[in-house]
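If you want the building blocks of each chain, they are given just below.
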Amino acid sequence: MSDADLRLLIVDENLARAAVLEEGLRAAGYRRLVVVHEMQNLLRRIVDEEPDVILIDLENPNRDVLEQMFQVSRVVARPVAMFVDQSDASMIEAAIDAGVGAYVVDGLRKERVKAVVDTAISRFRAFNKLREELDRTRQQLEDRKLIDRAKGILMKEKGLSEEEAYSLMRSAAMRDNLRIPQVAQGIITAAGLLR
Amino acid sequence: MSVSTPVRLTVGFMPLLDCATLVVAERKGFARAEGLELALQRETSWANIRDRLAVGHFDAAHMLAPMVVAAALGAGQMNVPLIAPLALGLGGNAITVSGPLWAAMQAHGATLGAPPGAQGAALAGAIAQRRAAGEPPLTFAMVFPFSCHNYLLRYWLASAGIDPDADIRLVVVPPPMLVTAIGSGQVDGFCVGEPWNSLAVATGLGCIVAATSDIWRRSPEKVVGVRRDWSERHPEVLAALIRAVTRAARWCDEPEHHEELARLLGAPQYVGVPSSVLRSALGGQLPFVQGAPPASRPEFLEFSHHHANVPWPEHAAWIASQMERWGQVAARPEHDAMARAAFRPDLYREAVKDGIPEAVPPTVRPEGLGTFFDE
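Chains as they are written, first to last, in the numbering used here: chain F, 1 to 195; chain Z, 196 to 570.
So here's chain F without its partners, still in its complex pose (with noise of 0.2 Å):
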């Protein structure tokens, strides 16, 4: 996706100074662009936009409303640039280097817009990659117990080697088109029902 197909969504309750951001980033080649200036129905207005990014202005109390509708629902999760009128030149490389997925910016500057964006992305995209990473490596870990378990019983029950008692659930997993830890789980609640 080139930058200029990406949709973004302004929310700014004034209607001046989202006109001001609108033009810069139009002028920065965007031109997907809807602004949004009542919070109401915000939610919905995200369902159906589909935006890539969600600018708010940063005086808005209604940057919390959009937290918490990050937290209930990860699909309607974006990554989120503020903008502020006056400006403070470390501030975008300090929020980046602290892992801040928003960040304080000089919003009206039009050659600032895009970069303020893109990193924007980046960072959200980053952030959603090791929140992903760190979910599968956990799994694979509780995977890993629960055939270690159903192993155990195995071998034990059936007196079979360690690799036998793999191979059979291996198969017993092919066979009823399931998982091997969904197999291994199987195998520990009978043991648990028969003991």
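Example chain F residues on the side facing chain Z (calculated, C-beta under 8 Å, incomplete): (1) N60; (2) P61; (3) N62; (4) R63; (5) D64; (6) V65; (7) E67; (8) Q68.
Calculated Cβ distances over 12 Å to all of chain Z for the following chain F residues: (9) L33; (10) E50; (11) I153; (12) L168; (13) R195.
To be clear, the hints were calculated from the coordinates, so they are not data collected in a lab.
C-beta atoms are modelled at their ideal positions from N, C-alpha and C, and glycine is treated no differently.
Dock chain Z against chain F, hints included.
Same frame as chain F, but now just chain Z:
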């Protein structure tokens, strides 16, 4: 008093009654006596507070205790380690419902000032009736996903058999917008800190059904949050801040100072609501409904009593357990220790030893977690 140039700290805060100790630390000379100058910066959202602290705009900030725990567990959109070396008080929130919902609850047995269990049962009755009549679910609001308001409201609802994720809609509304939201029917009830409950009552738009001190006596609420790396680089400055705020908290708890404190906080740069609305809750007097005499809740909000300034790891652990209970984080055995480690009574203890020996806390919270209404 220090004669050298004070160290200037930028401190973010939200316009709420419990920013009082920070305001008093600066305005009544407690910070200056420790060689500090607090540049207090009012913010509009908790997310801004967190981000500005994380990127170094703020040296310290008025924060919801669960925000520090969320950072420790990696639950929010942020991974900068924060610590709570100091708490800003115990309690101070209440649950308020709209006039129409209060009428419906009364029809199911609610009475003014009744214990939380009875009020919850009445709410459950009103919800069942709405459901039977095919009416849409009620909407309740709180102020931030990682807040004790969220967890105490959920605790109270769940104890009455109300599933906060299925039987009602639970949304976030920023505190200054809550009174309008309840007046316009956008929300039917909310859990928030003062002065917003009192203001809803004073305008005749809401009725307080429970103070959170009724639900959980001496519950954790706000803390001073700082970045962990900042605390390691500036141990002496942090210790001075802890002492200044601890002394300010003692000043705030003195009844003879409440008049002055209400006037101070009423100013537009701080909370910006009439001081009469702030004054009542400071003395533990909560107006439950417009026109009625206020109810007495002497432990409604404590700035200093009962070791209110100690960031107890017990509290952090409870908060982590609620994050797991409500699915904000997956249940992990290691969360308990991670949450506890972010609350630093050791730093508090070291700081107050030097000059305020009477504030040195015991190593374990004497009352443990304290008492919940349904125990």
